[in-house]
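Asks: The chain contents come next:
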Amino acid sequence: MDSGHTAWVLVASAFVFLMTPGLAFFYGGLVRAKNLVNTIMLSFMSIAVVSIIWVLWGYTLSFSDGGPLQRWVGGLSEFGLSGISTDANDGYSILAFVAFQMMFAIITPALITGALVERFKISTYLVFLLLWITLVYAPICHWVWGGGWLSDLGALDFAGGTVIHINAGVAAVAAAFLLGKRRNPGRQPNNVPYVVLGAAILWFGWFGFNAGSQLAADGIASSAFLVTNTAAATAALTWGVVSQIKNGKMGAVGVATGAVAGLVAITPAAGFVGIYGALAIGLGAGVLCFFAVDLINSTGLDDALDVFAVHGIGGIWGAIATGIFAVEAIGGTAGLIEGNWEQVLIQFYAVAATLVYSGIVTLVILKILDLIPGLGLRASESDENIGLDISQHGEQASVDDGAD
Amino acid sequence: MVKIEAIIRPERVNQVVQALEDIGCKGFHFVNVTGQGQQQGVEVFTGRGATTTSRSSLPKTLLVTVVKDDQKDSVVEAIIESARSGNIGDGKIFVSSVGEVIRVRTGDRNEDAL
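Chain order of the listed sequences is A and B. 1 is the number of the first residue of the first sequence in this note's numbering; add one for each residue after it. 1 is the number of the first residue of the second sequence in this note's numbering; add one for each residue after it.
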């Protein structure tokens, strides 16, 4: 066991952990003030629930040997992490790997909540977390990283463009579709500084997300660190410039969102591309996701916080771009720019499989939850009007009405 | 006794407060309000920077003071001079009668309480 690698994986795990509270505020600042606590709670409850599920059956379903089902899902041999000793290692401690992967499992459903905000019942959400991690996240994770069919196919996903972002993006579409529109959508974010601070925490944490995925404190991790930052910065600037051209102004929310879009797009590519690839990926994310926001809105779907436009489209672009810009000298696989067109095709398969599986299964899970008496997806109309903070949590984000 | 409610530009609050103190009017309160009048609104982004919406209501400050009848003119004058910029959006002043005024600490009534 290498102490340097293990130390880095542990630190990276803590970095990725912080991304979920960061997301809580990134989303929180965007909603109306009366729903701020609820929006933050959606992310925090993911931490609470998924942390437990992961160490019981989440990890083993994602990463253990599934026997005859190995191509599709793992088994339960490592339920409760049984059999994984403190000596178990692959250079780095396996227990550190469990912790690292747990943070990814936590943030993925939290991403989906961006489409659910301001109207989703919190009790149903807790049940949804349990079912979704088990039936959607774990299988897809297994396909790509657990020795399943997508890794057999040679799909490249360094840090989770498909497993986390495309997955969450299409699940958000399914959720928004079933949930319906908010009754009186707010016109402005309630707290822009929260949005920017949240995005900054996400950007910080993403260094752990991407560079940590190398599972070693080495040159590839360092390269991933650099390209992550490059793509984020490029996408942020691109979004700002496009906004300036289109609207005459660039807003902080837009630039922050651009950064996140760039980070999403570089996620599958981080250990495979170089600086020029990162610049291109950031540029593409800034442009594509910008126009995707409007496009999705025009369909009438109330994906309230543009989860599909940023994570879905950003993830799809990133996955395809990985096939384009992969450099063999960096990550061991050549992309289109080095004459290998087949990788792009493989990436398409991975994207399509994730879209179809996650979209359909998420739809089914939510539809069933909607039909169960006592559950249901939507908060009542009066709850939605009062605001979910008070109606579902009995709390107010801030008290500024003169009350002591 | 009259209540003077002045809707003024927030950036003029300090000047108005100074002007009121200069003429001996030391009791007033103010609060942020939002509203609209002749002044045009602003364009704000609805979210990510891809779409904008017109926010026609603007922030102003509502300053309220209750004074004796014979102070009314000098107070209104002080407010106008310190709050006026000459551009649309300078605000409005409303003067109304007050039925009774009581000082909480002593129970003094009406003119004695001002």
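Just so you know, the hints here were simulated from the structure itself, not pulled from any lab data. Only a predicted model underlies this, so the values are computations on that prediction, with no experimental measurement involved. Glycine residues also receive a C-beta, built at the ideal position from the N, C-alpha and C atoms. Be aware that a few hints might be false.
To be verified - FRET-style restraints, in silico, Cβ to Cβ:
id : chain 1 : residue 1 : chain 2 : residue 2 : range
1  : B       : N110      : A       : S398      : 37 to 43 Å
2  : B       : G89       : A       : D400      : 24 to 30 Å
3  : B       : E43       : A       : V127      : 38 to 44 Å
4  : A       : L178      : B       : Q38       : 25 to 31 Å
5  : A       : I386      : B       : S57       : 20 to 26 Å
6  : B       : E43       : A       : L130      : 42 to 48 Å
7  : A       : S398      : B       : K68       : 36 to 42 Å
To be verified - Covered stretches of chain A, as calculated for chain B (at least 3 residues, CB under 8 Å):
id : stretch
8  : 286-295
9  : 317-330
Asks: Now look at each hint and say whether the structure bears it out.
Replies: Here's how the hints hold up against the structure:
no. : hint                        : result
1   : B:N110 - A:S398: 37 to 43 Å : holds (39 Å)
2   : B:G89 - A:D400: 24 to 30 Å  : holds (25 Å)
3   : B:E43 - A:V127: 38 to 44 Å  : holds (42 Å)
4   : A:L178 - B:Q38: 25 to 31 Å  : violated (46 Å)
5   : A:I386 - B:S57: 20 to 26 Å  : holds (22 Å)
6   : B:E43 - A:L130: 42 to 48 Å  : holds (44 Å)
7   : A:S398 - B:K68: 36 to 42 Å  : holds (39 Å)
8   : 286-295                     : holds (count 4)
9   : 317-330                     : violated (count 0)
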